[in-house]
Amino acid sequence: MNINSLPTFLFIILFLNTMPYSSAYGARIVLLGDSITQMSFSSGGFGAHLSDVYQRRADVFNRGFSGYNTLWILELLQTEEGRREIFGPPDDSKTDIPSGAVRLVTIFLGANDASDSKLNARQHISVRDYRANLKKIVQIARTSCPHAKFIMVGPPPIHHEARLKYQVDRYGKEKASGLLERTLSLSGEYSKACGEVASEMKLPFFDVWKEMQEASPEPKWHEYLSDGLHLSRSGNEFVGKRLEKIIAEKVPEISVTPCKETGLYGNSSSKCDDIPHAGPWHDAITDPDNYQSLFSPKKQKTCGAEEEK
45 MNINSLPTFL FIILFLNTMP YSSAYGARIV LLGDSITQMS FSSGGFGAHL
95 SDVYQRRADV FNRGFSGYNT LWILELLQTE EGRREIFGPP DDSKTDIPSG
145 AVRLVTIFLG ANDASDSKLN ARQHISVRDY RANLKKIVQI ARTSCPHAKF
195 IMVGPPPIHH EARLKYQVDR YGKEKASGLL ERTLSLSGEY SKACGEVASE
245 MKLPFFDVWK EMQEASPEPK WHEYLSDGLH LSRSGNEFVG KRLEKIIAEK
295 VPEISVTPCK ETGLYGNSSS KCDDIPHAGP WHDAITDPDN YQSLFSPKKQ
345 KTCGAEEEK
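When you read off a place in the sequence shown, starting at 1, and then add 44, the result is the number in the working numbering.
Fair warning: there could be bad hints in the mix.
Derived DMTMM-like pairs: lysine to aspartate or glutamate, alpha-carbon spacing no greater than 20 Å straight-line [as the list claims (entries may be wrong)]: (1) Lys304 x Glu119; (2) Lys180 x Asp271; (3) Lys254 x Glu233; (4) Lys217 x Glu258; (5) Lys193 x Glu267; (6) Lys246 x Glu293; (7) Lys219 x Glu267; (8) Lys209 x Glu293; (9) Lys236 x Glu258; (10) Lys315 x Asp333; (11) Lys315 x Asp331; (12) Lys179 x Asp213; (13) Lys193 x Glu233; (14) Lys264 x Asp251; (15) Lys193 x Asp213; (16) Lys209 x Glu262; (17) Lys289 x Asp317; (18) Lys315 x Glu305; (19) Lys179 x Glu240; (20) Lys180 x Glu244; (21) Lys179 x Asp251; (22) Lys289 x Glu258; (23) Lys294 x Asp327; (24) Lys162 x Glu225; (25) Lys246 x Asp327; (26) Lys254 x Glu293; (27) Lys193 x Asp318.
Pairwise CB distance ranges (calculated) [as the list claims (entries may be wrong)]: (28) Lys236 x Glu205: 18 to 28 Å; (29) Met245 x Asp333: 49 to 59 Å; (30) Asp318 x Lys254: 41 to 51 Å.
Quick caveat, the hints were computed from the structure, so don't treat them as lab data.
Even glycine gets a Cβ: it sits at the ideal position worked out from N, Cα and C.
Could you put together the complete structure from these sequences and hints?
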């Protein structure tokens, strides 16, 4: 096909179809995971932190499924409805923002897969199958979200004493088994496997298991966990800040630089190269009688106090 012979309007359509959906509030970030992700929008959660970072630029979607392992996530993604629920409709959708709007996907799975094969056979997935499932999940996500970047996140460390205490608190002393259905060594094996998959697929990897222990050595690292498994407020803060840093290092084009003076992510001095902000910043509206042009789509992409000077 000779592109020079195409009518102008058809060339524009073809060109736009190769570009990510980038209109303000059209961009999406998807957090895919288990209960750790599902609870990340709680007060102080890492998902809530990322929503704060991307205010007026991208909507952060919580796609955490409590209790799920990689097999169950894969089963969901292998259905059209499941893919639509997680990533959005296909790019040819006329009724909603398409999955092509997704700019970043975090895949935070393994905490349930790493359950003991005898004590928790229902959720347990072998390391071999865990690797295979992760690869398939990434492949489906890449196909569904052609413009997205991906970050693999390994399972957190397990604090034994806190898990045993959780048993007693939830079931009482008489019903608590006193046996560990999850262990530090098991979660470490799955974290290593997740890192190997990330390396093989050339994706950034956040080794929560290792970094959390190194950031606050025993006996303090367990404070990052609320029950020996799920993240506490400080653990959520740790994960949120670390994800923000990984985005800045590995996907700088969609990283948000906060205002130097205020530290805020949503004002005219904050910056993000590839994701425009919604609406002109208020300090760009300087003339109360002549401001309408600032609300045109082209102006909104660069409309800020610094750019207007």
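Numbered hints the structure breaks, given as an ascending list | 1, 2, 4, 5, 7, 8, 10, 11, 12, 13, 15, 23, 25 and 30
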